[in-house]
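Asks: Listed below are the residues making up each chain.
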Amino acid sequence: MKKQNTFIVAAAVTAAVIAAFWLLLAAPGYTGNKINMTQGVTSQSLISYQLHMTILWICVVIGVIVFSAMFISIVLHRKSRGHEAAQFTHSTKAEIIWTIIPVIILVVMAVPATKALVNMEVAPETEMTIKITGFQWRWKYEYVEDGVAFISSLQSNSNAARQLASGTEPSAVENYLLDVDNPLVIPANTKIKFLITADDVIHSWWVPALGWKRDAIPGFINEAWTEVMEPGIYRGQCAELCGKDHGFMPIVLNVLPKAEFQAWIQQQQQGMANEQAEVKRLWASNELMEQGAEVYAAQCATCHQANGQGLAPAFPALAGSAVVNGPVDDNIEVVLHGRQNTAMPAWGSMLSDSDIAAVLTYTRNTFGNETGDVVQPQTIARIKNG
Amino acid sequence: MSHESHELAHDDHHDHKPSGFLDRWLFTTNHKDIGTLYLVFSLLMFFIGGSMAMVIRAELFMPGLQLVEPEFFNQMTTMHALIMVFGAVMPAWVGFANWMIPMMIGAPDMALPRMNNWSFWILPFAFTMLLSTLFMDSGGPAAGWTLYPPLSLQGGQSFAFVVFAVHMMGISSIMGSINVIATILNMRAPGMTLLKMPLFVWTWLITAFLLIAVMPVLAGAVTMLLTDHFFGTSFFNAAGGGDPVMFQHIFWFFGHPEVYIMILPAFGVVSEIIPTFSRKPLFGYTAMVYATASIAFLSFIVWAHHMFTVGMPLTGELFFMYATMLIAVPTGVKVFNWVSTMWKGSMTFETPMLFAIAFVVLFTIGGLSGLMLAMAAADLQYHDTYFVVAHFHYVLVPGSIFALMAGTYYWLPKWTGHMYSEKWGKIHFWMSAISVNILFFPQHYLGLAGMPRRIPDYSTQFADFNMISSIGGFIFGASQLIFVGVIVHCVFKSRQAATGRVWEGAKGLEWTLSSPPPYHSFNTPPVIDSTTIAHVEEAH
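Those protein sequences? They're chains A and B, same order as listed. For what it's worth, the numbering used here labels the leading residue of the first sequence as 1, then goes sequentially. For what it's worth, the numbering used here labels the leading residue of the second sequence as 1001, then goes sequentially.
In short, the hints are calculated from the structure, not lab data. From the three backbone atoms N, C-alpha and C, an ideal C-beta is built for every residue, glycine too. Hints may be right or wrong, so weigh each one.
Unchecked claim - The list that follows gives simulated cross-link-like pairs (lysine-lysine, DSS-like), each with its CA atoms no further than 30 Å apart:
#1 A:K191 with A:K79
#2 A:K191 with A:K258
#3 A:K193 with A:K258
#4 B:K1017 with A:K79
#5 B:K1344 with B:K1426
#6 B:K1196 with A:K79
#7 A:K79 with B:K1423
#8 B:K1017 with B:K1426
#9 B:K1196 with A:K93
#10 A:K34 with A:K280
#11 A:K280 with A:K131
#12 B:K1423 with A:K93
#13 B:K1344 with A:K79
#14 A:K93 with A:K131
Stated by the list, open to error - If you want the ones that stay clear, here's a sample from chain A, every Cβ over 12 Å from chain B, calculated:
#15 E125
#16 S152
#17 G247
#18 Q262
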C-alpha cells in the first residue's frame, strides 16, 4: 500500500510545488517582474496582445483536458491497484473525432489570427517617414521630410558598467542597457512610416510597446508603420544577433505631443545648420584633438579599445597601425567607407564631417602615432562629394 | 564457394567478437558495437555541449558581465547548439537505430556494415575540427547555429573548419540514413510486413528519408557561405546582387525538417515504452504511422514561420501560418493515442515509463507554445525572444533528450545483460524532471516581458527569472552525472542479471533474444506471430 502510493504522492507534490512556484513568482507585485506580453501603446500592439491571450487560453484548456485524462488514468489504471489491462487496440471513430475536433479548433483560431495579421500589416496613409538604419552596434535615424539625421548609441554610463568585471553594479545604473544618448523622437497620434534597413549585418528593430519587430537587412528596405496613442518613453532592443555587442544596442523611443515635437524638430534643424557652418571653417588642431577624443570614446573604443590596442583577432590595434600612420587619404577612405566583411562600418554615412575629421586627427596623433597630420572637416566634405 | 559458405556457417554458430581493442572498435562492422560507439560519442558530446550551456547560464546568473566577453558568449551559444543538435541528439538516435532496428525486424545486422563503420568514424573527426576552432586565432563560430550571413561571413579563417565539419556531419548522416532505409526495406524477417514493424522502426524509416532530403540542402547552403567568404562570390551579399534572406529560406528548408529529425525517433521510442508499462497494445498503431508521415510531409512546407519578421508579403505569411497550424493535427493524434494507450492499462512506473510520461506532458507544453508561435501577428512580438528559447528547449530537452534517456533505461538491461539501479534511475528522473522546469519555464516569462535571445547581459528587470533559470540549469547539469553513474554501474558493476524479456509487458522481437543478445542478432529469421511482436495488423 505504501509503495504503490509513492509515485502518486511524488507526482502530485512535484506538480504542486512547480505550480505554486510559478504562480508565486508570477503574481504581479510580488517581485515586480513582468511575466506577460505588454499591451503596448498602439493598435498593433493591442492586436498582438489580444491574439496572444486568446491562443494562450485555448492552449491552457487543451493542456488541462489532455493532462487530466492522463492523470486520471495514472491514478486509476495502475497495476498496484490491481487494475487489469484492457486489450483494445484502436477505434477508427475515436481517431476521426480527434482529428476533426482539432481541425475545428484550428479554424476557430485561424479567423482572429488572420484578421490580426491583416490589420497589422496593411499600412494606412502615413504622415511622416523615418528611415532606420542598423549598424554594428548603433542605430541611425533619418527624418526623411525634415532633413534631420542622427546616431543613437548605448548611453555611456551603461557602456562603462557593462564591461567585463567593471566593478559597477548594474542596479546602480539607471535604465541599465536600455538607455541611449540620442533617443528617437516622434510625435504622438501621428501615422509614421518606417523604412528599415542595415548597413553591415542583419539587425532587428524592436520596441515591444509598438507591437512588432522588423528585420533590418543590408541591401533591402523593409516597411513598417506605427501610430502611438500615448506620449511617453518606450524602450526596446535589437532582436537579431548582430555580433559581439548585439546585447548593447538599445532603442529608446521618446513620444512627444505634436506641438512639442515640432519645437524639437526645429531645434534639430538649427543644430544641423550650425554643423554645416562648422564644416566650412578651419579648425585649430587642439579643437580637433579634443572633439576627436570624445568621438573616439563614444564610437571607436568599443572595438579598438580606449588605449588603441584593439582586440585581437577581429579588431586591429590603431597604435602603430600601418593605415593610421600611412597616407592620410587612404586612412580617410577606410573610415568613410568601412571594410567589407568586417565590423568596420562606413562612418561616412553616420558621423558628421567635423566628427570624422576630428577623430582622424586624434587617432593619427595619439597612442604613440605621430603623423602630425591635422585633418580639416572641409577635406572630408570635399572627398565625400567626390 | 563451399569453403566460403562453410566459413559463414562457422561464424553463425559461434559468437565471435574480435579480440583486439582496435579490431573490436575501430574496424568493427557490427551493428551493436557501432551503436555503442554512437551512444558513447553522443553522451560525450552531450556533456561538452552541456558544459557550454553551464557557461551561458553562469554568465546570465546576474546582470552585468562577470565571466566572459560577449564575443566568447556568442561562440558558446553557437557551439552549444551545433554540438547538441549534430553531436548529441542526432548521433544518439543513429546509435539507437543501429542497436535496435536489426533486432526489431529480425535481421542479423545492418544492410551495409562497412558504410556503417565509416559513417560513425567520420564524426569524431568532424567534431574535433569543429571544437578546434575555439582554440584558433579567429575563434569559434559566433553567429548562432543558424549561421546567418552577413554576420557569419565576418568570422575569420576558422570559418572554413566549421563549414567542412558541417559537410562531414552531413555525409555521416546521409550514409547512416541510407543504411537505415536499406536495412528496413531489405532485411526484415519473412512475415515482418511493413505494418507489423515496431513504431520505432517506422519513425526511423521516415526520419531517414527526411535526412536524405535535407542534409544536402544544408551542405549547399554552407558551401555558398564558404565561397562568399573565401572566393568572392555574392550569393548572400546584396551589394553583389545576392540576397541575405535567401540563405534563411535555404537554411530553414533544411532546418525545419531537421527539428523533426530530432523528435520523430523520440515518438517511436515513447510508442514502444508506454505500451510495455501499460501492459496494453499501442492504441491506434496505423494512425500513428500515418501521423508520423503527415508530420514529415508538413515539415517541408512550414519553413518560413522562422522568418515572419524578415518582411514577407502578407499572402506568404498567411500560407506559412496556416501550414504550421496544421502540424498540430497529426501531433495531437499522437498525444491522444499515447493517452489512450495508458487508458485502462495496468501501469507500473519504472524509470523508462517515468521519462516517457514526462516526455508526453512536457513535449505537449512545447507543442502548445509552438502553436502560439505559429500565430504570425503574435510572433512579431515572440520572435527572437526567450519565449522561443523556452519553446524549443521544451521540445528538445524534455522532448528528444528525455526520450533518449527513456530508451536508454528501457533497453540498457537488454544491451548489457544487467539491470540498472532502479533507485538511482528514479533519483535521476525526479531531479531532471523538476530542474528542467525550473530551468526553462521562467524563460517563457522572460521572453514575453521582452528579453531578446542570444544576449550576454540584460537589463535589471530580467534579473530574478534569469537567476531562477540558472539555478535550475545547474541542478539539471549536475543531475546528468547521476545518469552516467547509473550507466557505468549497470555496464561494469551490476550483478543483477537481466532476463531475455526484461520487462513483464515487453513485446517485440528484441525481447525474444537473450540479454545481452548474441553478437549477430538473428542468424536464422525468427518466426513472426502475434505472440512475439507488439503490433499485429489491425483487423477492420
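Asks: Next step is simple, just say for each hint if it's right about the structure.
Replies: The hints, checked one at a time:
no.: 1; hint: A:K191 with A:K79; result: 66 Å, violated
no.: 2; hint: A:K191 with A:K258; result: 12 Å, holds
no.: 3; hint: A:K193 with A:K258; result: 16 Å, holds
no.: 4; hint: B:K1017 with A:K79; result: 41 Å, violated
no.: 5; hint: B:K1344 with B:K1426; result: 24 Å, holds
no.: 6; hint: B:K1196 with A:K79; result: 27 Å, holds
no.: 7; hint: A:K79 with B:K1423; result: 19 Å, holds
no.: 8; hint: B:K1017 with B:K1426; result: 34 Å, violated
no.: 9; hint: B:K1196 with A:K93; result: 22 Å, holds
no.: 10; hint: A:K34 with A:K280; result: 51 Å, violated
no.: 11; hint: A:K280 with A:K131; result: 27 Å, holds
no.: 12; hint: B:K1423 with A:K93; result: 41 Å, violated
no.: 13; hint: B:K1344 with A:K79; result: 10 Å, holds
no.: 14; hint: A:K93 with A:K131; result: 58 Å, violated
no.: 15; hint: E125; result: 18 Å, holds
no.: 16; hint: S152; result: 17 Å, holds
no.: 17; hint: G247; result: 3 Å, violated
no.: 18; hint: Q262; result: 31 Å, holds
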